[in-house]
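Engineer: Listed below, chain by chain, are the residues.
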Amino acid sequence: NAGVMQNPRHLVRRRGQEARLRCSPMKGHSHVYWYRQLPEEGLKFMVYLQKENIIDESGMPKERFSAEFPKEGPSILRIQQVVRGDSAAYFCASSSITGDEAFFGQGTRLTVV
Amino acid sequence: AQSVSQHNHHVILSEAASLELGCNYSYGGTVNLFWYVQYPGQHLQLLLKYFSGDPLVKGIKGFEAEFIKSKFSFNLRKPSVQWSDTAEYFCAASPSSGNTGKLIFGQGTTLQVKP
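As given, the protein sequences belong to chains X and L, one line each in that order.
Each residue of the first sequence is one higher than the one before, starting from 1 at the first, in my numbering.
Each residue of the second sequence is one higher than the one before, starting from 114 at the first, in my numbering.
Do not rely on the hints blindly, as some may be mistaken.
What the hints assert, rightly or not - Cβ pair distances, simulated, as ranges:
hint, chain 1, residue 1, chain 2, residue 2, range
1, X, 61, L, 165, 15 to 21 angstroms
2, X, 83, L, 118, 45 to 51 angstroms
3, L, 139, X, 101, 20 to 26 angstroms
4, L, 166, X, 111, 41 to 47 angstroms
5, L, 227, X, 98, 41 to 47 angstroms
6, X, 66, L, 177, 37 to 43 angstroms
By construction, these hints were calculated from the structure, which means they are not laboratory data.
Note that the structure is a prediction, hence the values are computed from the model and not measured.
Note that beta-carbon positions come from the ideal geometry of N, C-alpha and C, so glycine has one too.
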């Protein structure tokens, strides 16, 4: 049973480009969470999604960031017009509808040059 | 405001030394508490969790943590560390009534164990 899969593992983007980060939850999991870890900081919650629904986006920056979890396919975290301050590790986690534990992916390290 | 704080940012120990990593939380209600570990190049893994009941929780790889409600603490302990315990450790909390995937994390503690 594959764990939470994130790709790419490393992503380099120039300022102003778009970054797309993908997350495939564990099999049978319908809840996805995105976190961001800035250098020297802990993980910060960004958004919580279920299939085709955003449940809680209280941690998402108001501009340039969006997330989706379509009926088919992985969850996508999209960052438009990236800036240097977006450089961070982005982690995805998933849980089942009744689960008491979130399982994390290996993260995507975004570098904006 | 809800928060989790870890007191030690970087800990260096020799093998066989005892480990205690501090974690304090600030929350409006009852909480679920977690310790995660991230080995170099790997994903976060759950070490142990506390929801209710016995405040002394035993996890994987010989780790344990004690929930002390009066101190708002959930410190992680291991009697004798190994070189393979070198990793980053994160304390996290979520509201008892809410979703366990929406976590508030501490800043993390980097543990380096010297052989």
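Engineer: All hints, please: hold or fail.
Structural biologist: Now for the hints, and whether the structure bears them out:
no., hint, result
1, X/61 <-> L/165: 15 to 21 angstroms, "35 angstroms, violated"
2, X/83 <-> L/118: 45 to 51 angstroms, "29 angstroms, violated"
3, L/139 <-> X/101: 20 to 26 angstroms, "23 angstroms, holds"
4, L/166 <-> X/111: 41 to 47 angstroms, "44 angstroms, holds"
5, L/227 <-> X/98: 41 to 47 angstroms, "43 angstroms, holds"
6, X/66 <-> L/177: 37 to 43 angstroms, "41 angstroms, holds"
Of the hints listed earlier, those the structure fails to meet are numbers 1 and 2, in rising order.
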